[in-house]
Amino acid sequence: MKKIHRVVVTGIGVVSPLGNDKKTFFANLMAGKSGIRHIESEFAESLETRIAAWTDFDPLAYFPKHKANSLDRVTQFALVASQQAIEDSGIDLQAHDKDRIGVYLGTGMAGAASLEEGYIRLYRDNASRLKPFTVLMAMPNAAGAQIALDFLLTGPNLTFCTACASSTISIGEAVRLIRSGEADAMLAGGSEALLTFGTIKAWEALRTLAEEDPLDPGASCRPFSKNRSGMVLGEGASMVMLESLENAQARGARIYAEVVGFASSSDSAHITKPSVEGQSRAMKMALNNAGLQAADIDYINAHGTGTLLNDSTESAAIKATFGDAAYNIPVSSTKSMHGHLMGAAGAIEFTACLMAMQQQSLPPTINLNEPDPECDLDYVANQGRVGVKVDTVMSNSFAFGGTSGVLIAKKL
Amino acid sequence: MDTFETLRSIITDKFDIDATKVTLDATLETLELDSLDTFDIIFEAEEKFGIKVPNDQVEIKTVQDVVNLIDRLRGEQGKK
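For the record, the sequence lines run as chains A and B.
First residue of the first sequence: 111, per the working numbering; consecutive thereafter.
First residue of the second sequence: 27, per the working numbering; consecutive thereafter.
Any given hint might turn out to be false.
[Stated by the list, open to error] No more than 30 Å apart at the CA atoms, straight line, and that leaves these computed lysine-lysine pairs for DSSO-like:
#, chain 1, residue 1, chain 2, residue 2
1, A, K133, A, K143
2, A, K113, A, K521
3, B, K40, A, K177
4, B, K74, A, K177
5, A, K383, A, K394
6, B, K87, A, K175
In short, the hints are calculated from the structure, not lab data.
With the sequences and hints as input, model every part of the structure.
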């Protein structure tokens with residue numbers, strides 16, 4: 111029988127509304143700080159909801175001008191997060207067979223800004239032609255391709271596009287590839303940069319966005335709270351370096367955790383409406399894949415979007431999965447602080463889980479001030495917890511379209 | 027509008043290349059500009075000079091080749 115390789119995380123990179131490195135990001139999560147703010151772009155006045163979790167990011171701090179100009183923001187985020195993950199892992203790429211290292215990236219809207227800029231030229235400004243780089247900046251695989259180009263990684267290179275679950279799936283599929291022995295290491299994660307006028311208007315039309323809190327824009331996303339009114343769009347990227355345990359141990363790498371379980375499934379129920387059965391099935395499959403019992407899970411990073419339907423459905427699905435044990439498992443939605451990063455959401459939340467294990471601390475769900483009888487679990491309300499046992503974590507992503515992705519990681 | 031000076035400013039603005047390196051006999055290759063970069067330069071030049079560069083292009087190797095092309099098209103397309 112073929113050997114199944116164990117897979118570990120050795121490096122983390124983060125570009126986020128709560129800071130552009132893993133430490134700042136996690137410190138802000140633990141402090142209950144919100145990255146949700148007023149949108150400062152010119153188009154903000156034409157929006158009904160003028161808040162988003164946007165990222166402070168100066169491309170010229172990372173790239174020469176001509177390169178920055180030829181890369182969509184989604185690719186810029188992905189490259190910076192990848193560079194961080196590589197450095198953090200301490201891996202010497204030159205010393206490895208780079209055919210055995212690949213890139214799996216998740217994104218929802220990919221190069222949305224570049225496409226929109228092209229359309230503005232074409233339809234509004236009546237230009238007769240578009241910028242030469244338009245296709246190369248907007249194509250969904252641009253970010254993954256550019257990572258491979260910059261770091262000369264010649265292993266498999268795939269882009270996963272399953273809306274809000276994209277980067278949970280990309281990480282999970284990368285884990286599978288290493289498990290099967292087809293790669294030694296994978297850079298995996300997600301990137302999203304969809305805060306353009308057209309994209310936000312499209313989300314607005316779907317009536318899933320949160321209303322702005324009149325007193326504090328940062329308090330607008332309220333997962334699991336009775337007064338929740340929807341999600342808040344966010345942008346950023348997170349990438350992790352995954353390696354086979356042998357590879358990591360052979361080079362004496364610092365190991366964050368082992369990825370012990372992954373599952374993906376489809377609700378096949380409704381294009382937007384979440385399903386208790388579908389979500390629960392995915393969580394059970396992931397537990398089964400990890401060979402773990404319900405009682406083994408110390409923390410769940412919920413999908414927790416802050417929409418009425420998601421949060422009650424997910425709570426019910428957790429109960430359906432874990433039974434009575436559900437009430438003993440802390441569950442939090444860090445989206446209350448970093449917003450919904452869509453294609454990057456799964457990766458950044460998985461990263462939050464890895465940091466939670468490393469620091470034995472649980473990030474809170476902020477803005478949880480009105481109990482909802484349908485959401486009656488322990489949501490780590492408003493106050494993070496330090497000095498708690500966090501050895502095994504579950505990270506949930508449930509997408510529009512019905513794709514579920516669940517990752518389970520465990521401290522070694 | 028001087029063709030070379032304008033072209034040089036397009037190249038130096040876009041690519042952070044030292045202006046002294048952008049000479050008429052410099053090849054695009056030595057300036058580390060690839061075919062996509064050349065498209066990008068031509069795109070800017072079309073805007074600046076009000077010309078339209080047809081797709082069936084003559085071979086471009088040096089900055090002089092680009093200047094010649096622009097000058098020819100400015101003449102042919104009657105825009106100064």
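Going through the hints against the structure:
no.	hint	in the structure
1	A/K133 to A/K143	holds (14 Å)
2	A/K113 to A/K521	holds (22 Å)
3	B/K40 to A/K177	holds (9 Å)
4	B/K74 to A/K177	holds (22 Å)
5	A/K383 to A/K394	holds (20 Å)
6	B/K87 to A/K175	holds (23 Å)
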